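Peer 1: This is what each chain is made of:
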Amino acid sequence: MKSLFPSLRATLLLLIVTGFVYPLAVDGAAHLLFPHRADGSLITKNGVVIGSSLIGQPFSKPVYFHPRPSATPDPTGSGSVPYDAAFSSASNLAPSNGAQIKAVTAAAEAYRKENALSPAEPVPVDAVTASGSGLDPDISLANALLQVNRVAGARHLPPARVRSLVMAHVEGPQFGLLGAKHVNVLTLNLALDALRP
Amino acid sequence: MTVLDWMQLILISLLIGGGAPVVGHYLAWVFTGPRIAPERWIHRLIGVDPDKPMDWREYAGALLFSNALFFAAGYSLLWAQGRLPVNPRHIAAMSPEVTFNTAASFVTNTNWQAYVGEAQLSNFSQMVPITFLMFVGANTGMAALVAILRGFARSGTAHVGNYWDDFFRFFVRAFLPACFAMALLLVWQGVPQTLSTTVVAHSLEGGSQTLILGPVASLEAVKNLGTNGGGFYNANGAHPYENPTPLTNTLELLGMLTFTASLPFLFGRLTGRSRQGWALFATIMILYALGLGAVEISEKGPNPLLAPAGIAQTTSPLQDGGNTEGKETRLGITQTSFFSNTTMAATTGAVDAAMDSMNPLALMVYFSHMWLNEEPGGKGVGFAGLLKEAILAIFIAGLMVGRTPEFLGKKLEAREIKLAALSLIVTPFTVLLLTSVGVTASFGTSSMDNPGPHGFEEVLYAYSSGNANNGSAMAGLNASTPFYADSIGIEMLLSRYLPLLPLLAMAGALARKRIHPVTAGTLPTDTPLFVALLVGFMLLVGLLTFFPGLMLGPILEQLSLMKGLSF
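As they're listed, the protein sequences go chains B and G. Numbering of the first sequence is given in the numbering used here, commencing with residue 1 and proceeding in unit increments. Numbering of the second sequence is given in the numbering used here, commencing with residue 1 and proceeding in unit increments.
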């Protein structure tokens with residue numbers, strides 16, 4: 001029992017230091033140095049928050065580039081509410097699960113139809129699989145390029161114009177070295193809107 | 001594999017290999033140098049004499065007693081969540097079994113999460129009880145390791161150090177400052193750190209999206225540096241707010257190895273045998289590299305079942321490809337493989353992709369890492385486990401050549417071998433027993449999410465993860481049921497403290513022994529031959545016990561995929 005009081009006092013001290021002093025000190029320093037990042041990298045337009053450059057958004061209209069499928073679940077039911085940022089989740093489907101093979105096959109058919117692709121056209125794998133968070137803000141360049149004709153048609157823009165906009169939005173690998181090449185869907189769609197609102 | 005993949009592999013490997021000796025030597029100063037002022041203030045404040053030496057029983061007693069109080073504090077605060085401040089969304093407390101599971105999970109450095117962070121925890125809970133338990137859980141493991149190392153370094157004494165002295169030396173001089181620096185690096189790259197909770201965004205297509213913010217960076221830093229692994233969000237390191245860029249992915253995986261991979265060098269310094277430190281580091285890195293190669297090959301490979309649907313799965317200049325289900329585009333396969341292999345090898349349990357959607361070969365690697373649990377393993381205790389394996393390997397080698405086994409000049413006798421073996425059998429005992437219940441009883445099988453061998457893997461993974469104090473999950477399994485929450489909660493506590501006590505007792509026994517001079521009959525333990533012996537021993541003993549599990553799970557699933565069969 002001789003360790004009772006030291007242990008009690010140590011618990012209290014550590015609670016204060018790790019639970020309050022440390023996170024609040026990080027908070028203070030973060031807001032001093034990187035306030036935009038600390039607050040969630042929000043994008044505002046005319047004073048209204050329209051999203052975060054880091055978090056994917058659902059897009060289904062033909063005039064926009066579409067993100068990857070999302071498996072964020074509907075908290076009240078059994079279905080899925082894509083890109084629900086209050087409940088990040090993956091599909092957790094196994095590569096050997098028949099339901100997964102069916103879902104990918106159906107998504108590939110829908111993708112070909114939507115973008116008027118021939119049945120022989122290979123579909124980029126990221127376009128038909130859900131991400132780990134369900135909030136992936138990015139798509140592959142291959143996926144973006146296959147959507148160019150649809151978006152250009154819906155906006156009555158020359159495809160070359162849209163294509164060059166996509167190429168201007170290619171990011172990564174970071175420092176030319178880390179991670180994979182990708183296109184941020186929200187910033188690309190914002191740039192499209194700026195091109196012709 | 002592209003040139004870029006190789007460049008990333010080489011760069012990160014160089015950072016690991018170059019950083020580990022430096023941190024190891026720094027830690028040697030932390031634990032042997034003079035005390036600095038803040039440490040003296042803390043000792044005065046909590047009323048302990050840091051110079052009073054403890055034998056292994058006193059050390060273990062102080063450790064268990066403090067951990068019981070840490071657990072109680074964490075549990076109470078989580079239990080009271082609904083009545084505490086900084087909870088504008090009025091999130092109620094979790095169910096009693098999930099609250100128990102969470103407190104047990106975080107105090108044992110496991111960070112198994114039977115809850116959805118952004119939906120079930122208030123920002124107060126994330127900031128105070130969760131962050132607190134992450135710090136003290138990891139810090140306890142480190143203190144225990146240093147006591148065990150002293151058993152090898154000392155002779156003719158019953159004393160293994162002072163628990164509070166070790167605890168606060170590491171906390172003040174290494175852990176807390178490293179976390180602060182890491183947290184700011186993460187914010188710079190986009191990880192939020194704020195006291196506000198939600199922002200409602202009005203999306204371009206006219207809908208609304210609720211963004212959950214909070215003290216993410218401060219939690220994220222200790223999550224990786226402490227090999228804790230519990231995420232702020234449900235998706236853990238796959239969430240763009242926890243891991244926004246490939247650089248944060250790299251920093252986070254290096255964070256997991258910062259203290260764990262440096263421990264062989266701390267050991268080398270404390271025992272005065274730096275060659276031995278290098279030999280143990282090589283053992284760790286051989287197993288780590290084998291795993292990394294297998295995961296990379298596994299996840300880059302195409303899924304043959306998707307070929308009929310006409311899916312482009314191979315890497316090209318336009319896409320990274322591979323098994324992208326459950327993975328993030330910005331990270332790509334190589335960064336994800338590096339992170340996943342590291343989190344399993346260091347038993348962190350943070351994930352930057354969905355483990356449940358990985359290919360069977362990668363899952364085989366993850367299972368192996370969890371069962372070995374010491375390459376480098378979790379904070380402190382992982383390396384202690386490696387020393388246990390070394391002792392058993394020397395014992396076997398001694399039997400083969402008919403000599404008294406010796407390690408670092410200390411004769412290994414019946415007591416040490418018994419204690420090491422006792423510590424070794426906790427893993428198969430708990431994992432296999434609990435898995436057999438989980439896959440036969442209806443309250444166990446009803447939680448499975450995937451059919452066929454993959455469903456079996458989910459249950460085996462859950463108990464392997466709880467046992468290894470890893471904390472990652474094949475998250476399709478519904479682990480919030482009373483059966484899983486309680487059984488994994490109890491398992492985490494048992495597998496944290498049960499193997500640790502025999503190792504502390506072994507350290508106590510070793511500290512008393514004389515150090516014998518090296519003779520022609522001594523088996524050298526710092527040579528490539530010994531490294532090969534140790535790696536072989538670990539693979540045989542660690543994995544043979546579980547081989548039937550691999551057969552029923554990932555091997556069966558891999559063969560089915562190759563045959564074109566789905567479930």
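Hints listed in this document are in silico derivations from the structure and should not be mistaken for laboratory results. These numbers come from a predicted model, not from an experiment. Treat the hints with care, since some could be wrong.
[As the list claims (entries may be wrong)] Listed below are several chain G residues computed to face chain B (Cβ distance under 10 Å; list not exhaustive): (1) Met-1; (2) Ala-201; (3) Ser-274; (4) Gly-332.
[What the hints assert, rightly or not] DEER-style ranges, computed between Cβ atoms: (5) Pro-88(G) <-> Leu-32(B): 19 to 29 Å; (6) Arg-163(B) <-> Ser-13(G): 49 to 59 Å; (7) Gly-176(B) <-> Ser-13(G): 35 to 45 Å; (8) Gly-61(G) <-> Phe-20(B): 26 to 36 Å; (9) Gly-176(B) <-> Gly-402(G): 28 to 38 Å; (10) Ala-29(B) <-> Val-401(G): 35 to 45 Å; (11) Gly-19(G) <-> Pro-119(B): 24 to 34 Å; (12) Ile-16(B) <-> Ser-442(G): 16 to 26 Å.
[Unchecked claim] Take a look, some chain G residues computed to stay more than 10 Å from chain B by CB distance: (13) Gly-190; (14) Phe-537; (15) Phe-547.
Glycine residues also receive a C-beta, built at the ideal position from the N, C-alpha and C atoms.
Peer 1: Against this structure, judge whether each hint is valid.
Peer 2: Hints, verified against the model:
Against a cut-off of 10 Å between C-beta atoms, the interface hint on Met-1(G) is violated, since the closest Cβ of chain B lies about 13 Å away. Contact between Ala-201(G) and chain B, as hinted, is supported at the beta carbon level, the nearest pair being about 4 Å apart and thus within 10 Å. Against a cut-off of 10 Å between C-beta atoms, the interface hint on Ser-274(G) is violated, since the closest Cβ of chain B lies about 32 Å away. The beta carbon of Gly-332(G) is positioned within 10 Å of a beta carbon in chain B (closest approach about 3 Å), and the interface hint is therefore held.
Our hint of 19 to 29 Å for Pro-88(G) and Leu-32(B) holds, since their Cβ atoms are close to 24 Å apart. Distance hint check: the CB atoms of Arg-163(B) and Ser-13(G) are about 38 Å apart, inconsistent with the given range 49 to 59 Å. Checked against the given bound of 35 to 45 Å, the beta carbons of Gly-176(B) and Ser-13(G), roughly 19 Å apart, lie outside it. Taken as a hint, the range 26 to 36 Å holds for the pair Gly-61(G) and Phe-20(B), whose Cβ atoms sit roughly 29 Å apart.
Range check, Gly-176(B) to Gly-402(G): about 59 Å between beta-carbon atoms, so the 28 to 38 Å window is missed. Separated by about 59 Å at the C-beta atoms, Ala-29(B) and Val-401(G) break the suggested range of 35 to 45 Å. About 51 Å separates the C-beta atoms of Gly-19(G) and Pro-119(B), a value inconsistent with the hinted range of 24 to 34 Å. Separation of Ile-16(B) from Ser-442(G) is about 46 Å and departs from the stated range, judged on CB atoms against 16 to 26 Å.
Separation of Gly-190(G) from chain B is inadequate, the least Cβ-Cβ distance of about 5 Å not exceeding the 10 Å criterion. With a closest Cβ-Cβ approach of about 33 Å to chain B, Phe-537(G) is found to remain outside the 10 Å limit, as its non-interface label requires. With a cut of 10 Å on Cβ distances, Phe-547(G) stays outside the contact zone with chain B, its closest approach being about 20 Å.
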